[in-house]
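Novice: Residue numbers (my numbering), protein chains in the order written: chain A, 1 to 100; chain B, 1001 to 1100.
I should point out that these hints are in silico values taken from the structure, not numbers from a laboratory. As the structure is a computational prediction, the values presented were derived from the model and not from experiment. Careful: at least some of the hints might be erroneous.
[Unchecked claim] Output of the computed footprint for chain A on chain B, the stretches with three or more beta carbons under 8 Å from beta carbons of chain A:
| # | segment |
| --- | --- |
| 1 | 1022-1033 |
| 2 | 1049-1061 |
[Said to hold, decoys possible] So these bits of chain B aren't anywhere near chain A, every CB distance computed over 12 Å:
| # | residue |
| --- | --- |
| 3 | Ala1006 |
| 4 | Gly1008 |
| 5 | Arg1041 |
| 6 | His1065 |
| 7 | Leu1073 |
| 8 | Asn1075 |
| 9 | Asn1078 |
| 10 | Arg1080 |
| 11 | Val1083 |
| 12 | Leu1092 |
[As the list claims (entries may be wrong)] Partial pick of chain B residues on the chain A-facing surface, computed with a CB cut under 10 Å:
| # | residue |
| --- | --- |
| 13 | Asp1015 |
| 14 | Trp1017 |
| 15 | Glu1019 |
| 16 | Asp1081 |
| 17 | Ile1085 |
| 18 | Tyr1088 |
For each residue, glycine too, the CB sits at the ideal point set by N, CA and C.
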Amino acid sequence: MPDDTPATHAPATHDLGGSSHFRCTPIDPDDSPPDAFGRRVDAVRQLLAQKKMMTVDELRRGIESIPEEEYHALGYYERWLRSIAKLMIEKGVITAEELR
Amino acid sequence: MTAAIAPGTRVRVKDDWPEERGPCHIRTPHYVRGRTGTVERVLGAFPNPEDLAFGRPAPRCTLYHVRFDQQPLWNEGNPRDTVLIEIYEHWLEPVSEGRH
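Go ahead and model the full structure; you've got the sequences and the hints to work with.
Specialist: Printed below as a string of structure tokens:
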């Protein structure tokens, strides 16, 4: 097989580089500060990191595991919160029932 | 840090798709898998994020800047455009002589 043959695999949802899907979408340079919800999610993340209960790499992995349709529907900090909840359930810190 | 791949060395990125085998966290973009580039710089050795993402013990891995011609990756751009990507050593394999 010649070198540099295009891959035929489907990339993961978050692996967006070079994706034609967003090529005609204008870039939204949203550099406004996070809203109250975003700040609270970030505060939770920082506290859990300080207490050695999660790392940013785990946060990323949790975000990347969100199913595709939900991934694109959720906002930036909503993805964080989904990941944090998943990780805390995974580690046995909280139960799914407690989150209801 | 073990002996690093020297700058200027041609390397091929493994055509591996861990995301098709189950939960994972990888930092190698889909569009360079199986592609050939040139090592530009050794960036240092860092705990492997693929392990950190699951809270596992993470051995240090050498990280490189690898430069690729852009056109074959994305089928767009000018002939001299390139893409520079950070890639961990375990994703790189030697390019056999005479293949390029």
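Novice: Does the claim that glycine 1008 of chain B lies off the interface hold, with its Cβ farther than 12 Å from every Cβ of chain A?
Specialist: holds (18 Å)
Novice: Go through the hint on isoleucine 1085 of chain B and say holds or violated, using the shortest Cβ distance to chain A against 10 Å.
Specialist: holds (9 Å)
Novice: Any CB of chain A closer than 10 Å to the CB of tryptophan 1017 of chain B?
Specialist: With Cβ-Cβ at 5 Å, under 10 Å, it holds.
Novice: According to the definition I'm using, a residue is off the interface if its beta carbon is farther than 12 Å from all beta carbons of the partner; does alanine 1006 of chain B meet that for chain A?
Specialist: The assertion about alanine 1006 of chain B holds, with a minimum of 21 Å to chain A.
Novice: Would you check whether the claim that valine 1083 of chain B is not at the interface survives, using Cβ distances to chain A and the 12 Å cut-off?
Specialist: The claim is violated: valine 1083 of chain B sits with its nearest Cβ about 9 Å from chain A, within 12 Å.
Novice: Does the claim that arginine 1041 of chain B lies outside the interface with chain A hold up, using a Cβ gap greater than 12 Å?
Specialist: holds (20 Å)
Novice: Over 12 Å to the closest beta carbon of chain A is the bar; see if leucine 1092 of chain B clears it.
Specialist: holds (14 Å)
Novice: Using 10 Å as the Cβ threshold, decide whether aspartate 1081 of chain B counts as touching chain A.
Specialist: violated (12 Å)
Novice: Decide, holds or violated, for the assertion that all CB atoms of chain A are farther than 12 Å from the CB of asparagine 1075 of chain B.
Specialist: Not fine: 8 Å to the nearest Cβ puts asparagine 1075 of chain B too close to chain A.
Novice: Is the interface hint satisfied for glutamate 1019 of chain B? The criterion is a beta-carbon contact with chain A at less than 10 Å.
Specialist: For glutamate 1019 of chain B, the interface hint holds, since the closest Cβ of chain A sits about 5 Å away, which is under 10 Å.
Novice: Since arginine 1080 of chain B was said not to touch the interface, does its Cβ keep a gap of more than 12 Å from each Cβ of chain A?
Specialist: holds (17 Å)
Novice: Between the segment 1049-1061 of chain B and chain A, see if three or more residues pass the 8 Å beta-carbon test, and mark the coverage as holds or violated.
Specialist: Satisfied; 5 residues make the cut.
In the structure shown, a violation is registered for the earlier hints numbered 7, 8, 11, 16, 18, in ascending order.
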